[in-house]
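S.K.: Spelled out from the first residue to the last, the chains are:
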Amino acid sequence: MQLTPKAGSALAGLTAAALALPGIAATPAAQTELQYQFNRYQEADNPADRTFGGAASPRFEIGSHQLRLLRPRSEDREWRADLTYETLSGATPWFVTEQNGRPVQVLSGPTIEERRFDLVAQHRWYGEGGYTGLSGGTSIENDYRSVSLGAEQLRETSDRRLAVSYGVGASFDRLEPTDGGPDGRFPGRVASASKQSQSVYVSLSDVLNPRTLVQYGLSLNRASGFLSDPYKLAEVAGEAVADARPDERFSAVATLRLRHYLPNPGAALHLDYRYFRDDWRVDSHTVELGWLQTLAAAWTAELGGRYYSQSQAFFYQPFFRQAREDGLASSDYRLSPYGAVALRAGLGWRGAAWQARLNVESYRADAGLALGRVRVAHPGLVEFTTVSLALGYRY
Amino acid sequence: MKAIIGCAVGLALGGCVGPLKRAEVPPWQRGDLARPEMALDGAPTLSAYRGHVYYSKEAASGGAGLAGGGCGCN
Numbered sequence: 134m135q136l137t138p139k140a141g142s143a144l145a146g147l148t149a150a151a152l153a154l155p156g157i158a159a160t161p162a163a164q165t166e167l168q169y170q171f172n173r174y175q176e177a178d179n180p181a182d183r184t185f186g187g188a189a190s191p192r193f194e195i196g197s198h199q200l201r202l203l204r205p206r207s208e209d210r211e212w213r214a215d216l217t218y219e220t221l222s223g224a225t226p227w228f229v230t231e232q233n234g235r236p237v238q239v240l241s242g243p244t245i246e247e248r249r250f251d252l253v254a255q256h257r258w259y260g261e262g263g264y265t266g267l268s269g270g271t272s273i274e275n276d277y278r279s280v281s282l283g284a285e286q287l288r289e290t291s292d293r294r295l296a297v298s299y300g301v302g303a304s305f306d307r308l309e310p311t312d313g314g315p316d317g318r319f320p321g322r323v324a325s326a327s328k329q330s331q332s333v334y335v336s337l338s339d340v341l342n343p344r345t346l347v348q349y350g351l352s353l354n355r356a357s358g359f360l361s362d363p364y365k366l367a368e369v370a371g372e373a374v375a376d377a378r379p380d381e382r383f384s385a386v387a388t389l390r391l392r393h394y395l396p397n398p399g400a401a402l403h404l405d406y407r408y409f410r411d412d413w414r415v416d417s418h419t420v421e422l423g424w425l426q427t428l429a430a431a432w433t434a435e436l437g438g439r440y441y442s443q444s445q446a447f448f449y450q451p452f453f454r455q456a457r458e459d460g461l462a463s464s465d466y467r468l469s470p471y472g473a474v475a476l477r478a479g480l481g482w483r484g485a486a487w488q489a490r491l492n493v494e495s496y497r498a499d500a501g502l503a504l505g506r507v508r509v510a511h512p513g514l515v516e517f518t519t520v521s522l523a524l525g526y527r528y
Numbered sequence: 089m090k091a092i093i094g095c096a097v098g099l100a101l102g103g104c105v106g107p108l109k110r111a112e113v114p115p116w117q118r119g120d121l122a123r124p125e126m127a128l129d130g131a132p133t134l135s136a137y138r139g140h141v142y143y144s145k146e147a148a149s150g151g152a153g154l155a156g157g158g159c160g161c162n
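Protein chains in written order, with my numbering: chain Z, 134 to 528; chain X, 89 to 162.
Since the hints were derived computationally from the structure, they do not count as laboratory data.
Take the hints with a grain of salt, since some may be wrong.
Unchecked claim - Rough simulated footprint, nothing fancy, chain Z against chain X, three-plus residues with beta-carbon under 8 angstroms:
no. : stretch
1   : 110 to 120
2   : 124 to 138
3   : 144 to 152
Where is the CB? At the ideal position from N, CA and C, for every residue including glycine.
Modelling step: build the complete structure from the supplied sequences, incorporating the hints.
M.R.: In structure tokens:
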């Protein structure tokens with residue numbers, strides 16, 4: 134027999150809360166939440182034996198500030214906004230050449246100084262068994278502008294055991310690369326270009342038993358327009374040419390997320406898996422494991438690991454002995470075959486109104502970590518460390 | 089390294105086979121599921137930042153949600 138308390142009673146409120154799926158908000162937030170997070174990103178120097186000239190080279194560092202506001206407007210409406218401001222500086226991989234019979238990375242030199250501003254806002258309407266959300270966003274840099282739109286819905290069953298969410302999104306981007314065009318310092322660099330992307334997703338959340346929740350997801354994405362990197366070159370038959378990628382890209386992503394609570398240690402086990410596949414012939418697998426341990430009434434510690442592996446794009450080579458017939462060419466390490474491991478740790482405190490959290494993560498990419506065999510490792514694979522400090526307030 | 093990662097995932101999944109069984113979940117047995125550490129995304133600001141970093145540094149991107157806008161980082 135299922136209890137059905139009268140609407141409006143205290144028991145109804147408690148029962149509704151107990152019935153709600155964790156982390157799947159089919160009801161608006163009860164309080165306004167404001168959160169600030171500062172992040173510091175630092176890449177390790179590119180090693181001397183993989184850098185042109187034989188000396189280790191500093192790479193990128195980024196400082197970013199995030200502000201998140203979650204504000205219920207009434208019993209059935211809610212506003213969300215996320216604001217990001219970041220500053221980027223340092224050197225970035227430019228192209229790969231051959232030195233002493235091995236590929237070495239040529240970097241741009243510590244000349245990059247960038248600022249990025251990003252704002253995304255969403256309005257949600259809550260109704261019986263779910264919500265509808267409309268979102269819009271913009272990202273602005275000195276050489277790049279993006280506008281995005283999105284719509285999504287969540288619907289859950291009457292017993293709140295199953296929830297389906299689905300949505301569509303689109304993005305319209307404009308690039309005006311620095312020093313490009315016939316009058317620029319780099320005439321071979323495009324002066325302006327545009328690209329568009331569309332995406333659709335669906336996910337199903339399921340409460341398996343009193344201590345286990347699982348979510349399955351699928352998304353399809355299409356990007357078109359100028360998809361090359363205007364700041365990168367590829368060495369083809371001894372000459373440096375502009376990075377050239379297809380003008381269309383289709384991809385599919387399948388995800389699985391599992392959460393399981395272990396009462397004896399008082400901890401939650403997180404397992405996330407993602408499979409990515411696109412028509413550039415990039416396949417990737419991502420596995421994340423996390424352990425969230427309650428230390429005391431208000432303290433939580435987290436330890437986690439992430440493994441990532443990708444295959445190469447069909448038009449990628451560290452450098453090319455001869456031009457491809459289709460004219461495509463890229464030596465971007467992000468399109469090369471490699472694997473990566475990341476380890477992270479965090480400590481959080483949650484009071485009645487205030488909360489704080491500190492997280493650190495260390496990431497290392499290496500050709501030897503790839504699932505498949507890699508004949509030639511890219512000399513510009515990245516290592517980085519991030520530190521994030523967040524402060525939140527609910528009222 | 090691949091063998092170690094494979095064993096870790098296998099152990100985690102092996103330890104989860106029992107908990108993957110479907111069972112009745114009456115309202116009075118949902119207390120553990122409602123814990124903050126059981127949320128699919130308990131730190132959305134951190135998740136957004138991590139997602140952006142990985143989007144900038146890897147070929148793969150996306151997951152179970154709206155893709156959002158682009159940036160010059162990839």
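S.K.: When I compare C-beta atoms, does the stretch 124 to 138 of chain X have three or more residues closer than 8 angstroms to chain Z?
M.R.: holds (count 14)
S.K.: According to a criterion of three or more residues whose C-beta lies within less than 8 angstroms of a C-beta of chain Z, is the stretch 144 to 152 of chain X covered?
M.R.: holds (count 8)
S.K.: Counting residues of the stretch 110 to 120 of chain X with a beta carbon closer than 8 angstroms to any beta carbon of chain Z, are there 3 or more?
M.R.: Held - the stretch 110 to 120 of chain X has 10 residues with a Cβ nearer than 8 angstroms to chain Z, which meets the minimum of three.
In the structure shown, no violation is registered for any of the earlier numbered hints.
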